[in-house]
Amino acid sequence: MIGLAGASAQGDAPARKRRSASRPWLSFLLRRLAGFAAVLATLVVVTFGMVQLIPGDPAQALAGVNATDQQVGLLRSELGLDRPLAARFGSYVTGLLHGDLGTSFQTREPVADVIAARMPFTAELALLAIVVVLAVAVPLGMAVAVATRGGRRRRLDAAFTFCTGLVGATPEYVLGTLLVLVFAIKLGALPAAGAGSVPALVLPVVAVALPTTCVLARIVRREAAVVFGQDYMRVARGRRLPALTLYTRHALPNLLTGTLTMGGLMLAGLLGGTVIVESVFAWPGMGTRVVEAILNRDYPVIQGTVLVLGILATLLNTLVDVLLGLLDPRTLTGRSPS
Amino acid sequence: MIRWTKRPAAGLAAGLAGLALIAAVGIAAPLVWGEDAGRLTGAAREGMSAAHLLGTDALGRDVLARTLVATRLTLALTLLATLIAGTLGIGLGTAVWVSGPRIREIGLRLIDVMVSYPAVILALVVAAVLGAGGGAAVVAIGVAWSPSFARLTANLAASVAGRDHVATARLMGVPPLRILTRHLLPNIAEPLLVLLSVCFAGTLTALSGLSFIGLGVQPPSYDWGALLDTGLDAVYTNPGEALGPALAITLTGVLAGFVGDGLAASADPRRARAARRAAAPEPAPRAPAPGVPADALLVVDDLRVALPDGVELVAGVSFAVRRGEIVGVVGESGSGKSLTAMAVAKLLPEQVHATAAALRLADLDLTAPAAPARLATEIGVVYQDPATSFNPGLRMGGQITEALRRHRRVGRADARRRAVRALTSVRVTSPEHRLAQHPHELSGGLRQRAMIASAVLTEPRLLIADEPTTALDVTVQAEVLALLREINERDGTAMLFISHDIGVIAALCHRVLVMYAGRIVEELAVGDLRRGRTRHPYTRALLAATPRLTGPAGEPPATVPGRPPEPGARPAGCAFAARCPRVLPHCADEAPPQVPSDGGGWAACHALRPEPAESAR
Ligand code: SF4
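Chains A and B, in that order, give the protein sequences.
Taking the working numbering, I'd label the letters of the first sequence as residues 1 to 338.
Taking the working numbering, I'd label the letters of the second sequence as residues 1 to 617.
For reference, chain B alone in the conformation it holds in the complex:
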């Protein structure tokens, strides 16, 4: 439904108030101005003046009075037509729904066909049968609009009928008609109300239209449409004669539209819920840069990603990825791991912005605007959901080779050859054929392998994989992991691998970063992780929640009890304090120090001491 205003409630109120006013005019006008509207004066077809605000018609009658008086007939006919449309349509829709499956199928088809026809043509048919006249026009418009109600009723009834309590009632042998009145109609009342108000606007314009072309209300009666018709004839002498009814029709239609949209918006459960955020906290102290290794390919120093209101989603993250290394980033959803990856790829959503003391891929400075060609070819990205990451409207080939062709200026045939080679290397069967297919013709596993092929086609320096296995089933997950490892070993491509699944991380990566609430809380070599030599309480909780570390990925996801704090409500100290089993009194207030561990990593925790006194479980 169309939304008219930012605040649907205001629009709804304005619409209702306006319509009520017009209705009041409709009731009162014939009593108050009835005489003026009928009084013949000598002043025929006069222009707009103080005495006659909209001038006079061919017989010298006041146009404004006639327009006001016509309100009653117009509204009455419109209401009647809406009523006919609603009753007929709801009746038809429910009849189709209560009847057997065969008739239902045919009925639904028929309703679809009727809805797809311009209501005006249907109305012409009915008007032709009944002849010209107000009553005939009402029936014509009512009948012409009924298919819309029938379709809505049938569709809604079908969806409501699938719900448990209705199914139960059916099983218990409650007769269909009773189910209808007790269970169905109350549940579909709201959308029907919306359609009724839309229909009111529609019948108003259609009825006035029929009167306008001479098929509706016949003289001496008149509604707005009929007035507009005579007004158009006199348009050269007195424009007001057409203007009055034109504005009346438009205004009433717009107000009815307000009501419909307001109702639709208030019935819409997805209505915007303005989330109130806590005031932005002071930026946390800068994370000390770790010793940047000499062979670092990617350097991230004090990366922060913030919302426009200043709330930091990623609050100072520093790490490096060496050439040929696979670095895994693990954490719960909301830990900022994906934002970190997307900040590196310079693909953050528009609402957030990133700052960093340094963000560098080899010689490419990612804090400054970078050449699109370099970004597109030197960073490859594998996204989470292969089902939604390919454009459904384009063939696979065009999408896979797009970056290569645009930024490396590779010709079509050459790009195609390379794509076939890449697809073959990720073990996609009949690669030539795949290139001509659309995404929906491929399975999820195939699509993800095609995505990987696409990402490595430009031989990027860094491959960013953002939860690339999450949307896949277990066996396919294992294949994809093996594939990534193979690419890493064969081409030496460095990777930043994001996952919430510590088991997957342990199976693939060389080095692991554990993120919590926008910060890295522990960094460790994968050997330590596999042997369970973790130190930070959060990492341990994550591990404890994973049933079998080296087993196949995709065990039912166990979780760490509790939830991480909201980005705007993180404590000054350790963000894990509220959930930590080893929490100390000062944990929430003081930022924990980075405590180095044996394996070359570190953990940020007050409960750890620098000496490796902490035994590994």
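Pulled out of the complex, with its shape left as it was, chain A reads as follows:
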């Protein structure tokens, strides 16, 4: 499509430029919206189905073994389980459309309020972690690639590979525990739990970010080595640019393309790490809340949290695709929505 637009280009230049520049983004946007709608629909079906899939009689299961028949019956009608499936789904969707995520079985709070209170903490942790991952992994991977190019500095190479391998394989919550051991208990330098102050943020963010940083740094380093060997890098060298220009202007965008294509999903994956790490630091986010809800079989809260986490993950994936599109317009037309 692009090729055609280029080849058949006639008429005045500015108009043509605008058209060929906006068209891939337009189709990208439409495809993303369609993909988003599909994902949203899937999430709604999955969260709705969650309750329906509870083995046996959900009302009985939720009320507990000691519940009287009357209690079970009440719960059944509260859940609408006495109505046909389609009707239940209908009212679930209608509720969602009105921003009504139901009411917590346990605390009787509206789920929307629960999420509104919890989400900022999870989002804060996850977004900060993403920033840290990108801000550390990319320069680190590039620096190592520059230092070891052409098989130089084998020691550094081995040390980098070993350290990133070790830390990259450590689960976030294990790392979090170890960080608490060292920095909160042995050194007493940082708070071990709680939220609300900047120092309290440090350990959770590091715990979430560090393993992914290591894995991503390795990807960056490998991609950088590939990019450094490309013809266009030799051409750029031929223009005798300063090293910084060479690496940032000519290499960085291209190695980021490869890195994000391979490692982009890891950014949404940070959300999963966040959910578990919250337990280490008693972080008042959605992760600790959903665990509580699952233990108490508080389904409205579970449904709402999973829905919101799913949407957050989709947003992160979309963000990665937008970044990719900015870095390399070719990806706008090629990638499948996810």
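If you're looking for bench data, these hints aren't it; they were derived computationally from the structure.
Since the model is a prediction, treat every value here as computed from it, not as a measurement.
There's no promise every hint is true.
Unchecked claim - Here are the in silico distance ranges between beta carbons for each label pair:
#1 B:Q351 - A:T248: 44 to 50 Å
#2 A:A158 - B:A28: 31 to 37 Å
#3 A:A158 - B:Y236: 35 to 41 Å
#4 A:L40 - B:A28: 49 to 55 Å
#5 B:L193 - A:L187: 40 to 46 Å
#6 B:H440 - A:V322: 15 to 21 Å
#7 B:Y236 - A:L156: 15 to 21 Å
#8 A:A147 - B:A373: 22 to 28 Å
#9 A:T248 - B:R485: 35 to 41 Å
#10 B:R102 - A:W25: 28 to 34 Å
#11 B:T355 - A:L156: 27 to 33 Å
#12 B:R109 - A:L29: 15 to 21 Å
#13 A:L187 - B:S221: 30 to 36 Å
Using N, Cα and C, we set each Cβ at its ideal position, and we do this for glycine too.
Use these hints to put chain B with the ligand onto chain A, whose structure you have.
Just chain B with the ligand now, with coordinates in the frame of chain A:
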């Protein structure tokens, strides 16, 4: 896949050995330490000591024993979850692959969406349905990991299904399920094995994670995750209680990673093959400098390009390019012609280094570090493949004008104007528009013309063209050649033109250097080449391999029979000896003399005599 060690086999062995040891602990521990792990003592929450290496828990039980005993349950659950993920995923993937195209398309999309979601969130959904507990956690993690297997299976199946023997089996009406078991699964077993070990590490951390947050194994049972959870509560009194399970999880995960990477590396066909090179030969005698013409622009004297181990890829090359002259360098791949050109441009790859008695472009000494601005503007380079020579992420305009703007301090608008003029002169249509485009929006021919425009934008003294037509189709080749000739005639730009195609060389150049195995074997005027008045046996063989000299370039490339010797194994004498039809007994041992020929050139060959007795065919 991530590579952990320089030697994947060692990593693989270490990983397998370590895992086997842990598995042995898993089997033996409950029998050996089961009692210790359950025994309540009065010494609750004691720190680490000789009696209790990792201290005791809230009920006074030995943490080390509990950690060791927990190995069995942890490994069993992890294996089970991996098995569920594998079976479910491979089943799903193959089901998608065997079904019709419509369902396949939808299925693949769905799998993609599932893979893009954090496994933890999927696991939470399943755990919510089944309630907290070890069994539920296993199913949850198994289900959450299955999309990865499904995607790998579907992708691999699609690639394997395209192969001939599978297609044949399909045509012959072999039922899909049979194709699957007979042809597909065996072929994709290796990557699946890699994914299985990666998945094992993943499920281990995820399962322990679920237990850690209280959704997995419930008391009184315990796995590492559950131990870590209680350990974290007691972390102020006895750090060992958290340390034990933390290290156990990490160690097992790392070992599984070793196995996965080892498998991946051994399955990777591109594994490094350490090419063993012959010991470096003595440097060949210095090539005598030819009479340097007075109007020489580029002077190359005894240029050598060597690998770090001393093997010379270019072994003493001397020539000159006059102002306004197009000198062609022809030879097979590996003859050192491109390295020669890149040495002149000071753009050699980092692994090799060049030395020369003299290397000079007008007053610019290229043997010494030179001012970047002069190098960038006085030497223009046109590269072989226009498809890969432009940065895909940057607009054409920025790339074309980059040297001009940086080194000549030309402003944006002015640079743009000049670029438009240059593009117009190389007959690029709607040049303004091209500057705003990305490389992939242009055809190969357009890109190469843009490359030429970019190279001449700084009005270089010398234009180096390294196989500039090789990647183009025939008609575009002719256009590009005409363009170069035009630039040469209009601006008087001297050129060093590299090609393996003697026909292209004959069509464009004024003077021709024939290179073989790192040396120039013949130099001749293009008229002599066109008339077939060549003297060196190698040049003749090259000519004989070219069907029609003056015809359009790009005839099917015929080749000279045989291969040139490896750079490390070149004979002391004539490197062509092994392939030469006129070879004499002493050819391989004695360096051939440079024998002058009528047309002002020379050829290095024992079979020639100084007098022009050698008739031209
Ligand atoms: S020197 Fe001998 S081997 Fe070499 S080209 Fe001449 S005749 Fe052939």
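A quick look at each hint next to the structure:
1. As the Cβ distance of Q351 (chain B) to T248 (chain A) is approximately 24 Å, the hint placing it in 44 to 50 Å is violated.
2. A beta carbon spacing of about 35 Å between A158 (chain A) and A28 (chain B) agrees with the range 31 to 37 Å that was offered as a hint.
3. The hint said 35 to 41 Å for the Cβ distance between A158 (chain A) and Y236 (chain B), and at roughly 38 Å that hint holds.
4. A C-beta distance of roughly 51 Å is found between L40 (chain A) and A28 (chain B), which places it inside the suggested range of 49 to 55 Å.
5. Checking the proposed 40 to 46 Å range against L193 (chain B) and L187 (chain A) shows it holds: the Cβ atoms sit about 43 Å from each other.
6. Between H440 (chain B) and V322 (chain A) the CB atoms are about 19 Å apart, so this pair conforms to the stated range of 15 to 21 Å.
7. Restraint check, Y236 (chain B) to L156 (chain A): a C-beta distance of roughly 39 Å breaks the suggested window 15 to 21 Å.
8. Hint check: A147 (chain A) to A373 (chain B), Cβ distance near 27 Å, so the stated range 22 to 28 Å holds.
9. Taking the beta carbon of each, T248 (chain A) and R485 (chain B) are about 39 Å apart, inside 35 to 41 Å as hinted.
10. Between R102 (chain B) and W25 (chain A) the C-beta distance comes to about 29 Å, which sits within the given range of 28 to 34 Å.
11. In this structure, T355 (chain B) and L156 (chain A) meet the distance hint of 27 to 33 Å, their C-beta atoms being roughly 29 Å apart.
12. One distance hint, 15 to 21 Å for the beta-carbon pair R109 (chain B) and L29 (chain A), holds here, with the actual separation near 18 Å.
13. For L187 (chain A) and S221 (chain B), the hinted distance range of 30 to 36 Å is satisfied, since their beta carbons lie about 35 Å from each other.
Checked against the numbered hints above, the structure breaks hints 1, 7 and satisfies the rest.
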